[in-house]
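Chains as they are written, first to last, in the numbering used here: chain A, 1 to 398; chain B, 1 to 398.
If you're looking for bench data, these hints aren't it; they were derived computationally from the structure. C-beta atoms are modelled at their ideal positions from N, C-alpha and C, and glycine is treated no differently. Accuracy of the hints is not assured; some may be wrong.
Taking lysine to aspartate or glutamate pairs in the EDC-like style, the calculated list, with each CA pair at most 20 Å apart, reads [claimed, not checked]:
hint, chain 1, residue 1, chain 2, residue 2
1, A, Lys364, B, Asp52
2, B, Lys364, A, Asp47
3, A, Lys19, A, Glu40
4, A, Lys283, B, Asp57
5, A, Lys373, B, Asp47
6, A, Lys280, B, Asp57
7, B, Lys283, A, Asp57
8, B, Lys373, A, Asp57
Reference listing, derived: stretches of chain A covered by chain B, where coverage requires no fewer than 3 residues with Cβ under 8 Å from a Cβ of chain B [what the hints assert, rightly or not]:
hint, stretch
9, 154-163
10, 192-205
11, 366-375
Here are some of the chain B residues that sit facing chain A, going by a computed Cβ distance under 7 Å [claimed, not checked]:
hint, residue
12, Ala88
13, Gly195
14, Glu215
2 protein chains.
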Amino acid sequence: MLQVITRAQAAACVREQMKAVVPRTETVDLHRAAGRVLAEDITAMLDVPGFDRTTVDGYAVLAADTFGAGAAVPAELEIAGDVRMGEAPSFRLRSGQCARIATGGMLPAGADAAVMVEHTEEDAGVCLVFQGVAPGENITRRGDDVKVGSTKQQKGTTLGSSQIGVLAALGVRSVPVFQKPRIAVLSTGDELANGDAQPGQVQDVNSFLLSAAAEACGCTAVPLGAVPDDRAKICAALEQGLQAADMVLISGGSSAGTRDMTVDILRQYGDVLFHGVAMKPGKPTIFGMAAGKPVFGLPGHPLAAYFVFRLLVREAVGELLCLPPDRPLAVRPLAVNVPSNHGREEFLCVRTDENGCLVPLHTKSGIISVLAKADGFICIPRDTEGLQKGEETELYLL
Amino acid sequence: MLQVITRAQAAACVREQMKAVVPRTETVDLHRAAGRVLAEDITAMLDVPGFDRTTVDGYAVLAADTFGAGAAVPAELEIAGDVRMGEAPSFRLRSGQCARIATGGMLPAGADAAVMVEHTEEDAGVCLVFQGVAPGENITRRGDDVKVGSTKQQKGTTLGSSQIGVLAALGVRSVPVFQKPRIAVLSTGDELANGDAQPGQVQDVNSFLLSAAAEACGCTAVPLGAVPDDRAKICAALEQGLQAADMVLISGGSSAGTRDMTVDILRQYGDVLFHGVAMKPGKPTIFGMAAGKPVFGLPGHPLAAYFVFRLLVREAVGELLCLPPDRPLAVRPLAVNVPSNHGREEFLCVRTDENGCLVPLHTKSGIISVLAKADGFICIPRDTEGLQKGEETELYLL
Numbered sequence: 001m002l003q004v005i006t007r008a009q010a011a012a013c014v015r016e017q018m019k020a021v022v023p024r025t026e027t028v029d030l031h032r033a034a035g036r037v038l039a040e041d042i043t044a045m046l047d048v049p050g051f052d053r054t055t056v057d058g059y060a061v062l063a064a065d066t067f068g069a070g071a072a073v074p075a076e077l078e079i080a081g082d083v084r085m086g087e088a089p090s091f092r093l094r095s096g097q098c099a100r101i102a103t104g105g106m107l108p109a110g111a112d113a114a115v116m117v118e119h120t121e122e123d124a125g126v127c128l129v130f131q132g133v134a135p136g137e138n139i140t141r142r143g144d145d146v147k148v149g150s151t152k153q154q155k156g157t158t159l160g161s162s163q164i165g166v167l168a169a170l171g172v173r174s175v176p177v178f179q180k181p182r183i184a185v186l187s188t189g190d191e192l193a194n195g196d197a198q199p200g201q202v203q204d205v206n207s208f209l210l211s212a213a214a215e216a217c218g219c220t221a222v223p224l225g226a227v228p229d230d231r232a233k234i235c236a237a238l239e240q241g242l243q244a245a246d247m248v249l250i251s252g253g254s255s256a257g258t259r260d261m262t263v264d265i266l267r268q269y270g271d272v273l274f275h276g277v278a279m280k281p282g283k284p285t286i287f288g289m290a291a292g293k294p295v296f297g298l299p300g301h302p303l304a305a306y307f308v309f310r311l312l313v314r315e316a317v318g319e320l321l322c323l324p325p326d327r328p329l330a331v332r333p334l335a336v337n338v339p340s341n342h343g344r345e346e347f348l349c350v351r352t353d354e355n356g357c358l359v360p361l362h363t364k365s366g367i368i369s370v371l372a373k374a375d376g377f378i379c380i381p382r383d384t385e386g387l388q389k390g391e392e393t394e395l396y397l398l
Numbered sequence: 001m002l003q004v005i006t007r008a009q010a011a012a013c014v015r016e017q018m019k020a021v022v023p024r025t026e027t028v029d030l031h032r033a034a035g036r037v038l039a040e041d042i043t044a045m046l047d048v049p050g051f052d053r054t055t056v057d058g059y060a061v062l063a064a065d066t067f068g069a070g071a072a073v074p075a076e077l078e079i080a081g082d083v084r085m086g087e088a089p090s091f092r093l094r095s096g097q098c099a100r101i102a103t104g105g106m107l108p109a110g111a112d113a114a115v116m117v118e119h120t121e122e123d124a125g126v127c128l129v130f131q132g133v134a135p136g137e138n139i140t141r142r143g144d145d146v147k148v149g150s151t152k153q154q155k156g157t158t159l160g161s162s163q164i165g166v167l168a169a170l171g172v173r174s175v176p177v178f179q180k181p182r183i184a185v186l187s188t189g190d191e192l193a194n195g196d197a198q199p200g201q202v203q204d205v206n207s208f209l210l211s212a213a214a215e216a217c218g219c220t221a222v223p224l225g226a227v228p229d230d231r232a233k234i235c236a237a238l239e240q241g242l243q244a245a246d247m248v249l250i251s252g253g254s255s256a257g258t259r260d261m262t263v264d265i266l267r268q269y270g271d272v273l274f275h276g277v278a279m280k281p282g283k284p285t286i287f288g289m290a291a292g293k294p295v296f297g298l299p300g301h302p303l304a305a306y307f308v309f310r311l312l313v314r315e316a317v318g319e320l321l322c323l324p325p326d327r328p329l330a331v332r333p334l335a336v337n338v339p340s341n342h343g344r345e346e347f348l349c350v351r352t353d354e355n356g357c358l359v360p361l362h363t364k365s366g367i368i369s370v371l372a373k374a375d376g377f378i379c380i381p382r383d384t385e386g387l388q389k390g391e392e393t394e395l396y397l398l
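Chain A on its own, in the form it takes in the complex (with noise of 0.2 Å):
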C-alpha cells in the first residue's frame, strides 16, 4: 500500500495526469449545444447592434432640427420616408426632414435621434414634434453592445440559456465544442444484485449513482453493470471500459483483499499513482492511469463512492474541459457542533433545516435515508477542534 497523501495532494496529482490526456472536440449547432462546453474561446465577428437603431417607435431627426421645440412651439419636420424593419434605408435624412421608425429600425444617414411617436402629430406629410431631443437620444449605435473582435465566451464555459442566448445574438449558429468525455462505471462485489435480489445480497447502487454523477459534469456514462470480487471478471470489465470509455471507475471492494486486487488489477494494465487518501469517508481511493486512461478505484459504500467523485473525479473532468473548479455553492451556518475527526478530512452530508442551517446526517441511518434528505455536504477539515454550532460552513450541493 501506498502513503496515504491528503486530498489536495490527491487532486492535484489527477490534474497533472490529466495534462498528458487530448480532449476531442467537435462542432455542434447551437440548437443542440445546450449543457456543452465551449472547445474555444468565442470572439464577436460583428458589432451588436451592427448598425444605429432607435429603442422608441417614432420618428428619426437631426436633432439639431427640434431644438427648442416645445408644446406651443413645435418644429415643423417633412417626412421624407417610412423605413421598414430588416431593411437599410435607401435615402438619407437632410435638415428639415425625418422619416418614419419603429423599435429596432435602422437609422437613415443623417439621422442622429428619435422622437417618440407620443411627442409628435402627424398631418399631410409633416410632422409636428412638440419635445426636442438631443443627439443620439433614443437610439443605440454600433457596437453599444458588443465591439467587433472582443472574446464574449470563454472556453470552459458550461452553455446554459443565457450563453446560448448571447451566442446567438453574434450570429453564432454552430460551436465548437468538447467532446462528451466516456466514462465506463463498474461496481464489483459478491454481495451486489441487479434488481433481484436473494437473501444476504445488496442492491447495486453505485454503477447508477456514478452514471448520473457523471452525466451531470457533462460526460457520458459507459454503465459497466456489477461484476463478483473475482479478478478474472474484473480484468475484463476493466479491457472493455478501456476500450469504450476515456476514464474507467471501479467501486467497491470493501474488504482489505479485494481493495489489494484492485491495486493489483491496475498495476498490471499500469500505473498506480496513489493509494489512500486523508478523507473519511473515501480513504481507501485508488488512482491510476492505463493505456493513457484514467482509472479510479472508488470505496463501495455510496455516498463514500459520490464524495470521491465529486472531489477527485470531476477534477480529471475538469482539468480535461477546462471547467471551473466545482465549488462550494453557499455558506451556511450549522445547526449544531460537530466533533473534529483528526488526521482526515472528514465529509458529511447535511440537509438545511426551517431556520437555513445545516444539520448532518448520519451514514448510520441508511444509504436512502440519507440521500433522499440531503441537500448537500460540508467539509470538516483535518486537525481541527471540530465544527462549532452557528459557524458559517461552505455547503456543495448535491
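Fit chain B to the known structure of chain A by using the hints.
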C-alpha cells in the same frame, strides 16, 4: 384587445387550461432516467436493508455471551463458521458460538450483535472477545433504512443523482416518467436574420434562447426558426408547431399591428384566453388554446421573452408534469435603491457583486451585456414605492 390582467391571474389561467391536457408517460431504464420527471409515486417494494447485517468487520455474536467481557476476562466463543458476502449463512449460532463476518454481511440466525475485529483475538478455532456488546450493537436491522410499502419518491420529482441512487437501492431498474413535452419555438419579425445579417437586420435570438430554456425545464425544443411578419407564413409555422409539438411559442411582433395579427391568427385556430399582462417587460403577452394545445405569444425582446417563459410558460410545463413551482433560489440584499413602476410588476436582471448584494442591470446597455453578466432576476411588486438599498430581495437564478 382583452383587458390586462395580473401575472398571478395569468398564471392561474394557464394552470387552469393545462388541467385538461393529459401528459403522456413512458417507462425508461434507470440508467437513462437522469433529468426525467417521475410520472408516478414510487413505493418501496422491499425492505432496505433486506436482512439484519453488520456495520463492522468482525464476528457475529449473541450479545448475552459477551456480557462482562473485558481486557482481563475475555469471552471465549467457538467459531461456528464464516459468513460469505452476498449469501445467507447456512448455519445458526447457538450460545457460546460466533461467526466471522465482514461489513455488510448477513447475520446468522441466533446472532443479535457484532464485535469489531479490533476487540478480538482468534486462536485455534476460538475467538477471544475483549469488550462486551449490547443486543443490536454494530448491526442494522432489516428495514432500518426503508420499510416496504413506504413512498420513497413522489410523482413530479425530477431525477438527479441522489434520487437515482435511492431508486437503485430500492431495486428499481426502470421507472415511469413523463414523456418530455415538445415545445415548438417560432420567432417572427421582418428584421430577423439567421447567422448572415444584411444591414438593418438583427440576429434571431429567441428561437435559440427559448429552445434552451425549454430544454432546461425538462422539455424537448422543436425550433421552427424565424419567419417575417407575414400572416400566411406565421399560420403555416403555427400549424407545423401544433402538429409537431405539445405547446407553441410565437415570439416577436413588437409593433401594435403585428401583435394584433398574432391574436387574430390565434383566434382563427382556437381561443384567446388573455392578451396583456401587468408585468414589465412582458405586457403584450398572449395566451390561448388551439387544437387542445397551449399557444403563447411572447414579446420580441429576448429578455422580455425569457421572463415570460420563466413566469408563465414554465407554469404550463409545471402543471403538466406536476413539478414544484419555479421559486427564487436565494434571498440577497439590494446594492442600490430600485425605483418602482406603479401598476405593473417589474422584472430586472441582476448580478451579484463581491459582497453578495444584488446590482440591477439596465437592459438599455444591450441584450448581450445583460445576458452575459446577469446571475438572475428579481421582481419589484406592483404598487410599491420601489425597493430600498439593503432590502432582502428574492433572486430567481438565470
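Okay, the hints, checked on the actual structure:
1. A:Lys364 <-> B:Asp52: holds (14 Å)
2. B:Lys364 <-> A:Asp47: Roughly 16 Å separates the two Cα atoms, so the pair holds.
3. A:Lys19 <-> A:Glu40: Cα-Cα ~17 Å, so holds.
4. A:Lys283 <-> B:Asp57: holds (16 Å)
5. A:Lys373 <-> B:Asp47: holds (18 Å)
6. A:Lys280 <-> B:Asp57: holds (17 Å)
7. B:Lys283 <-> A:Asp57: holds (16 Å)
8. B:Lys373 <-> A:Asp57: At roughly 28 Å apart (the allowed maximum being 20 Å), Asp57 (chain A) and Lys373 (chain B) break the hint.
9. 154-163: holds (count 5)
10. 192-205: Result for this restraint: holds, n = 14.
11. 366-375: holds (count 7)
12. Ala88: holds (4 Å)
13. Gly195: Since the shortest Cβ distance to chain A is 4 Å, the answer is holds.
14. Glu215: holds (5 Å)
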